[in-house]
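Just so you know, the sequences run in chain order A and B.
74 is the number that my numbering gives to position 74 of the first sequence; each next residue is one higher, with no gaps.
13 is the number that my numbering gives to position 13 of the second sequence; each next residue is one higher, with no gaps.
Note that these hints are calculated values from the structure, not bench results.
We put the CB at the ideal spot given by N, CA and C, even for glycine.
Mixed in with the good hints, there may be bad ones.
What the hints assert, rightly or not - In silico SDA-like pairs for lysine to any residue, Cα to Cα no more than 25 angstroms straight-line:
no., chain 1, residue 1, chain 2, residue 2
1, B, K38, A, A73
2, B, K38, B, R27
3, B, K38, A, L20
4, B, K38, A, N52
5, B, K38, A, A21
6, B, K38, B, V21
7, B, K38, A, L66
8, B, K38, A, G70
9, B, K38, A, W51
10, B, K38, A, T53
11, B, K38, B, T71
12, B, K38, B, Q60
13, B, K38, B, P73
14, B, K38, A, V59
15, B, K38, B, A6
16, B, K38, A, T22
17, B, K38, B, L70
18, B, K38, A, V69
19, B, K38, A, A47
20, B, K38, A, A33
Unchecked claim - A short, non-exhaustive set of chain A residues, derived as facing chain B with CB atoms under 8 angstroms:
no., residue
21, L9
22, C16
23, L41
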Amino acid sequence: MTAVALALLACAAALCAVRLATGPGFVDRVVAADALAMVLLNVVLTAGVLWNTRDYLDVAVVLAALAFVGTVAAARFVSGGGPLA
Amino acid sequence: MREWSAVFLLVGAAFSLVAGVGMVRYRDTLSRLHVAGKVTTFGAAGALLGSFLHHGGGWQELAILAFLLLTTPAGSHALARAIARRFHDLPGWPSSGDS
Numbered sequence: 001m002t003a004v005a006l007a008l009l010a011c012a013a014a015l016c017a018v019r020l021a022t023g024p025g026f027v028d029r030v031v032a033a034d035a036l037a038m039v040l041l042n043v044v045l046t047a048g049v050l051w052n053t054r055d056y057l058d059v060a061v062v063l064a065a066l067a068f069v070g071t072v073a074a075a076r077f078v079s080g081g082g083p084l085a
Numbered sequence: 001m002r003e004w005s006a007v008f009l010l011v012g013a014a015f016s017l018v019a020g021v022g023m024v025r026y027r028d029t030l031s032r033l034h035v036a037g038k039v040t041t042f043g044a045a046g047a048l049l050g051s052f053l054h055h056g057g058g059w060q061e062l063a064i065l066a067f068l069l070l071t072t073p074a075g076s077h078a079l080a081r082a083i084a085r086r087f088h089d090l091p092g093w094p095s096s097g098d099s
């Protein structure tokens, strides 16, 4: 069952990577990176269930924190005169 | 308990796939921000609940879920606010008045 979930998540990560590569603007790439971080968090949790270990939850904590900090840093950058589109 | 864990994992993965489709198919930056702010949070919530049920409880999943529910709207709002302020040529954040 986790294999099906991992296949769906691989498709989702590929679609987010498409938007990350071809996003027309800086903010589009930031949004795509945020969504990709959430998909990777999903992958890490599914892998933890697949291999029956709780060690990957620390990775999930760090991914969630880094996604938020990166998004807010990019927002400050855009608001302070950085690239908009 | 384990089968409910699989159900929650599959629901979370399906919502992540919906988020990926929306990231490609939506045309506007703010529309894609809408996808990245809501649907991915729901997918991560499904995976967190699945992991919580599979491992038989634990505080880490609930802590991550609370953190995500608090910070993802804040990050999306920060980005949307930055776009709106630049688009309407308004001053930036109150604490960064010199830039």
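For the hint on L41/A, does the least C-beta distance to chain B fall short of 8 angstroms?
5 angstroms, holds
Given the hinted pair K38/B and N52/A, is their Cα-Cα distance within 25 angstroms?
Roughly 28 angstroms separates the two Cα atoms, so the pair is violated.
Checking one constraint from the list: CA of K38/B to CA of V59/A, max 25 angstroms. Satisfied?
22 angstroms, holds
Between K38/B and L70/B, does the CA-CA distance stay at or below 25 angstroms?
12 angstroms, holds
Satisfaction of hint between V21/B and K38/B, Cα-Cα up to 25 angstroms:
14 angstroms, holds
Given the proposed pairing of K38/B with W51/A, does the C-alpha separation stay at or below 25 angstroms?
Violated, because 28 angstroms separates the two Cα atoms, which is more than 25 angstroms.
Is K38/B within 25 angstroms of T22/A, Cα to Cα?
Distance ~22 angstroms between K38/B and T22/A Cα, so the pair holds.
Check whether the Cα positions of K38/B and T53/A lie no farther apart than 25 angstroms.
28 angstroms, violated
Please work out if K38/B and A47/A have their alpha carbons no farther apart than 25 angstroms.
Within the cut-off at roughly 23 angstroms; holds.
Would the pair K38/B and Q60/B pass a check requiring their Cα atoms to be no farther apart than 25 angstroms?
21 angstroms, holds
Is the straight-line distance between the alpha-carbon of K38/B and that of R27/B 25 angstroms or less?
Holds, because 17 angstroms separates the two Cα atoms, which is no more than 25 angstroms.
For the restraint on C16/A, tell me whether the closest CB of chain B is nearer than 8 angstroms.
5 angstroms, holds
Hint violations for this structure: numbers 4, 9, 10, all remaining hints satisfied.
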